[in-house]
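Protein chains: 2
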Amino acid sequence: MKKEVRIIEVGLRDGLQNEKKNLSVPTKLQLAKRLEQAGLRWIELGAYVSPHWVPQMKDTDKIVRSHLRKNASTAQYSVLVPNQKGMERAVASGITEIAVFTAASESFTQKNINCSIRQSFERFRPVVRMAHDHNIKVRAYISTAFGCPYEGKVRASKVKTIAGKLFDIGAYEVSVGDTIGIAHPLQCEKMAQLLLKDFSAKKIAFHLHDTRGMALANIVKSLEAGIRIFDTSIGGLGGCPYAKGASGNVATEDVVNMLHAMGFTTRIDLEKLIQTSKWLQKHFDRPLNSKVAKLALA
Amino acid sequence: MKKEVRIIEVGLRDGLQNEKKNLSVPTKLQLAKRLEQAGLRWIELGAYVSPHWVPQMKDTDKIVRSHLRKNASTAQYSVLVPNQKGMERAVASGITEIAVFTAASESFTQKNINCSIRQSFERFRPVVRMAHDHNIKVRAYISTAFGCPYEGKVRASKVKTIAGKLFDIGAYEVSVGDTIGIAHPLQCEKMAQLLLKDFSAKKIAFHLHDTRGMALANIVKSLEAGIRIFDTSIGGLGGCPYAKGASGNVATEDVVNMLHAMGFTTRIDLEKLIQTSKWLQKHFDRPLNSKVAKLALA
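Chains as they are written, first to last, in this note's numbering: chain A, 1 to 298; chain B, 1 to 298.
Keep in mind that the hints were calculated from the coordinates and are not lab data. Be aware that a few hints might be false.
Since the list can't tell identical chains apart, any single copy or any two copies may satisfy a pair.
What the hints assert, rightly or not - Dumping the calculated EDC-like pairs for lysine to aspartate or glutamate here, alpha-carbon to alpha-carbon at most 20 Å: (1) 202 with 97; (2) 244 with 285; (3) 20 with 168; (4) 85 with 19; (5) 62 with 151; (6) 70 with 59; (7) 111 with 189; (8) 20 with 97; (9) 85 with 59; (10) 278 with 88; (11) 190 with 269; (12) 202 with 4.
Extracted from the complex, chain A is given alone in its bound form (with noise of 0.2 Å):
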């Protein structure tokens, strides 16, 4: 069994967007830092989307420009894209990854963005085209893939339908998002089984939210069915976005601590992505949603 997990860091990007609380240019910049310093070698660092609609991610091309001027970063630096004026910001902003999102449900997708899941396809391909007539690797979201907060349940087959879909039109990684934390364990592993069927583990990641406190046991089964990449977001920042107040993204410490003490290695360094969060807890009025990080601070 490979024991090798990679962690993509989400917290700037899925995890800020959903917090109501906004943080400083400066302060974002020390984040990225630490999380670098820390052993975070993939991290998303923002989102090229209308400020109108998501002002958390106004400043991502400040974020971007400065972060890639000042470090010559051993990390991996992503931005969210969703169409080509934005894709027209990243490739400016000298970003080397960007990620696309789709969806498994089309009520979801309709109510997101406004399109079926067909449409999503066809806006994302001019983006996919011009990322890499510039070298820039695309990364794509698949959202709602374990339950829609409107349809209910969604079939497994048809999320690695549109997973090969996103393989075809040039993706390199395939990102299947639990987006409203509904995922059960057994139903994480038949996703894996499935998945891995057709596709390698090395273009796999697993998005788990921790709505309903299930996210670790749902990466314990994932992994024992391969998975080996998976999307988390220090301090657990971002909430639900369909229930204000609830847990969203599972926290970065917890996924961390659980697989190295279960044997896994990440080349991240656990102490010092507690002291990551204690240092960003003091940016927010409420408790971050890290156990992990609440016991080094109690």
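Following the hints, put chain B in place on chain A, whose structure we already have.
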């Protein structure tokens, strides 16, 4: 694979004894009643311990007597009993089950009850005898079975030896406790495999704390290895006695939600349980620790 799981509700004892805020006698009585109405069939009501050491348990006698008088109950109630004096109170109260406790670590036993593990057995031997003389069932806890705040690692073989001795003196069930929430999923699996080689799954409970967020993951691997009895606490009542502000008991709501999602049965009505948690939340000025209840409240 047997699909029925027994949940032992310990919120009124292990939960409240680690909460700063105590509940009034009427509130505790209402909580016990609501838990029973939600389908809980094994409920710890309190502890016959010194009110000097554990003031939250000082009204246990009132709770037990009043509850047993008012409810022609289908549930099995229990109280924790540390010594002969406590046992006399238990006999007088009419309770039909008690729990005794020891630990798997010598330093913990010394610091916690000021004696060796062997001496702890000598202490509760007359307690168990008196219980049996009065047809009172005896449950036994083994604390720090997965790790000790003073000694660190604890050998699973030691836990097995102690469990064997507890059965020998007449305990009908042994609850194996991760007092500091340090266990990881593979450790739980191994512990379960070791214990279930010698003892029936009908007699071994796991009492897993969520201090590092791993309790549900630990339950999943314990279930796979055959464990079918878990101690849980409504709203995750009770913190970590060794780190104020950190999480302790795993929340009954979250466990039941996951078990049902995975196809296990508990005979517990999750909706009623969540309503109980909502009601209980009003009595605390901090959010309770169940993610499922938080989601319902959001």
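Comparing the hints with the structure gives:
Taking the shortest alpha-carbon separations for residue 202 and residue 97, only the intra-copy value of 16 Å comes in at or below 20 Å, while the best inter-copy value is 54 Å. For the homomeric pair residue 244 and residue 285, the shortest alpha-carbon distances inside one copy (16 Å) and between copies (18 Å) are both at most 20 Å. Taking identical chains as interchangeable, the C-alpha atoms of residue 20 and residue 168 are never at most 20 Å apart, the minima being 37 Å within one chain and 57 Å between chains. Within a single copy, residue 85 and residue 19 get their C-alpha atoms no closer than 25 Å, and across copies no closer than 53 Å, so neither meets the 20 Å cut-off.
Taking identical chains as interchangeable, the C-alpha atoms of residue 62 and residue 151 are never at most 20 Å apart, the minima being 38 Å within one chain and 49 Å between chains. Proximity of residue 70 and residue 59 under a CA criterion of 20 Å is satisfied intra-copy only: 17 Å inside one chain copy versus 63 Å between copies. Taking CA atoms no more than 20 Å apart as the test, residue 111 paired with residue 189 passes in neither setting, with 29 Å inside one copy and 43 Å between copies. Taking the closest pair of Cα atoms, residue 20 and residue 97 never come within 20 Å of each other, the shortest separation being 27 Å inside a single copy and 49 Å across copies.
For the homomeric pair residue 85 and residue 59, the shortest alpha-carbon distance inside one copy (16 Å) is at most 20 Å, but the shortest distance between copies (67 Å) is not. When the C-alpha separation of residue 278 and residue 88 is checked against a cutoff of 20 Å, the pair qualifies neither within a copy, at 36 Å, nor between copies, at 49 Å. Taking the shortest Cα distances, residue 190 and residue 269 never come within 20 Å of each other, neither inside one copy (31 Å) nor across copies (27 Å). Taking CA atoms no more than 20 Å apart as the test, residue 202 paired with residue 4 passes inside one copy only; the shortest distance there is 11 Å, against 38 Å between copies.
Hints 3, 4, 5, 7, 8, 10 and 11 from the earlier list are contradicted by this structure; the remaining hints agree with it.
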